[in-house]
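Enquirer: We have chain B; now place chain Y onto it with these hints.
If you read the protein sequences in the order shown, they are chains B and Y. Residue numbering for the first sequence follows the UniProt record's numbering, starting at 1 and increasing by one per position. Residue numbering for the second sequence follows the UniProt record's numbering, starting at 1 and increasing by one per position.
Hints may be right or wrong, so weigh each one.
Claimed, not checked - Straight-line distance between alpha carbons at most 25 Å, and here's what the computed SDA-like set of lysine to any residue pairs gives:
(1) B:Lys43 / Y:Leu119
(2) B:Lys35 / Y:Arg72
(3) Y:Lys167 / Y:Thr266
These are calculated hints, taken from the structure and not from any lab test. Small disclaimer: the values here were computed from a predicted structure and weren't measured.
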Amino acid sequence: MNILAAESANPLLPPIGEIIVGVIAFAILYFVLAKFVFPQMEKTFVARREAIEGGIERADAMQAEAKAALAQYRAQLAEAQAEAAKIRDDARAEGQQIIEELRAQAQTESARIIARGEEQLTASRQQVLNELRGQIGTLAVSLAGKVVGESLADDARRSGTVDRFLDDLDGMSATTGTSATTGTAATTGSADGRGGSSAYVPQDAR
Amino acid sequence: MTSSALALVNVLAAEGSEGDSGFQAPTIAEFYPESLVSFSLFGIDFEFTRITFILFIATAAIMLLLVLAVRRPGIVPGKLQWLAESGYSVVRDGIARDVIGPKGLPFAPFLGSLFFFILANNAMSIVPFFQISPMSKFAFPLVLAVFVWVLYNYIGIREQGAAKYFKDAAIPPGVPKAALILVTPIELLQVFVIRPFTLAVRLFANMFAGHMLLVVFSLGAVYLLQVGNLSAIFAPFSLIMAIVMTFFELLVIVLQAYVFTVLTATYLNGAVEPAH
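Isolated chain Y, as found in the complex:
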């Protein structure tokens, strides 16, 4: 039983308990469904919940789709090939080449993988019967952000040399000496802590909030319908809002995947090219 369904049961149960509880809003428990498989390996506890499986399904699905898309490539692409190539082209030309610059193309596969991984997992938030994005679990965006953090620092050190890279990060060129007291801690904090953290939180929070919104409006519609008085009149509004928010969620899904990739490219650009 999903946690949303559980919340639905609670909403329906509220009727019987004679108004003392009223509408029970969905809680953070939404994101902690019961464990389906759990085991311990090397002292680390693994709990496979339905969200974990959604992650696997989304990843496998996008992988399968892309592999199928390029299985028999044609100069004149088929629909699936065209779709996949368009997605990759956006990342390759629009992000890797245009944001990072001429040195950006080698990063296209990484950026493309990021984009498709986030897109597929985000999309799960509105796919029927799944309806929750693994990206609303902080662990997954965090993993991606850490990958990005490691990559751009590694590239920065490789391209500019460790000394110059850290010096430029701590003391940005062109800043007055007196201002360095303020600028240096902020810059260091920004490059090495805030960037990955905001990257992960931005994606996580968007998907988290999106899911919450959808659940609130859906449950609200159900609650208003069965609460018993004239409230039923307002149920359609709540339902319409749930539908509207689903479309909004679609926008967020694509936008956040894009934003994450673009920001990664921006950080990589800073690492590839010395600060001006």
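Isolated chain B (complex conformation):
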């Protein structure tokens, strides 16, 4: 053993020089680490946390935006659907109205046409009636004259027999009604159907 001092040394009694060396070494390390290394690490930790939180915030914001967009889209969709339904209802109502209008128009038109037809019918009947009224007397008198063998025309005209007869006929038909008394009731009914029952009495006579 060439280190004689070591043999008797107590390891728990360090020399002062060694202690000073230890103090210096640790002090230097502490200075460098506390001054440069750890603050830098703290900065990095903060930056990292902010980066992560920022990322989370960004994601949250995006999600909120997407949700808002979805809500808006849904609202728009509902609105559009409501509008479409309204348009459909309106169209249906309008169509109904048009149909009503057309129907009313057609009814008026048909009523008008019927009325005109009736008017014309009445007019032509009156005309025929007047014509017949003029001719029937002459015809009857000439026929009677032929039967009797002499001319009754002058007498008849003079005495107004024919007119009286015709007036009687008119009066009779007015009191008894249209078809009840006459044998040609069916013919009369089919020919006219309503009103003017007296109009066809001359046909009876004929």
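Expert: Leaving out everything else, chain Y in the frame of chain B:
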């Protein structure tokens, strides 16, 4: 020449001296290598041995490593940055914040420096060609323990006031008056003497014993190989044990650095918060 190598020479020399000495176990001389530089300053003797230089190398290495790690910090860390930040995070969050509490974060740099300093110096016990930890020299753990002792007493006085701090230390609240005869001396001794002493001795003794174990098994393997009879059969066992103990030493290296830091934080916690 290192003291281990010296011991190796002695082991090898034992062969020549014909068995009268046998296996020469490593002695405490392991920790007293020859002085490489020695000078005297202000009446204090400085002896720089290889252990002193290992201390410098370890300290410089960990400093360089950490400075490099934070030189170009990124949000997404590189490997070195991640490693350094993980180490600091353990101390900052796991020890300073969780052990001391909300007031603990200001102590994180001190605790972090302690942790990295002890870790780096402890690691020297298994780094090839160094293979001895400066922490197996009592002076260095003692320095750290004294720093811790000064710090927690200073913080205790600052936070609680000198009167209350010393009163709480001497007379713990909730202790029956009769028991104070026993409790007070024990408490005072514990807070002001035993705490720093155990803190320093725990670290020192672990590294001291670890180094001794490694040297014994390594030298044993060499001795068994060259002693000449069937003993050579047992040499591999000794070698394997040396390797196993190296891994064990790795565990001790990290564990002791952690334990020292945690205990420091516990003492600081007692100083920051009044006793319950």
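Enquirer: Now tell me if each hint is right for this structure.
Expert: Quick rundown of the hints versus the structure:
no., hint, verdict
1, B:Lys43 / Y:Leu119, "24 Å, holds"
2, B:Lys35 / Y:Arg72, "16 Å, holds"
3, Y:Lys167 / Y:Thr266, "19 Å, holds"
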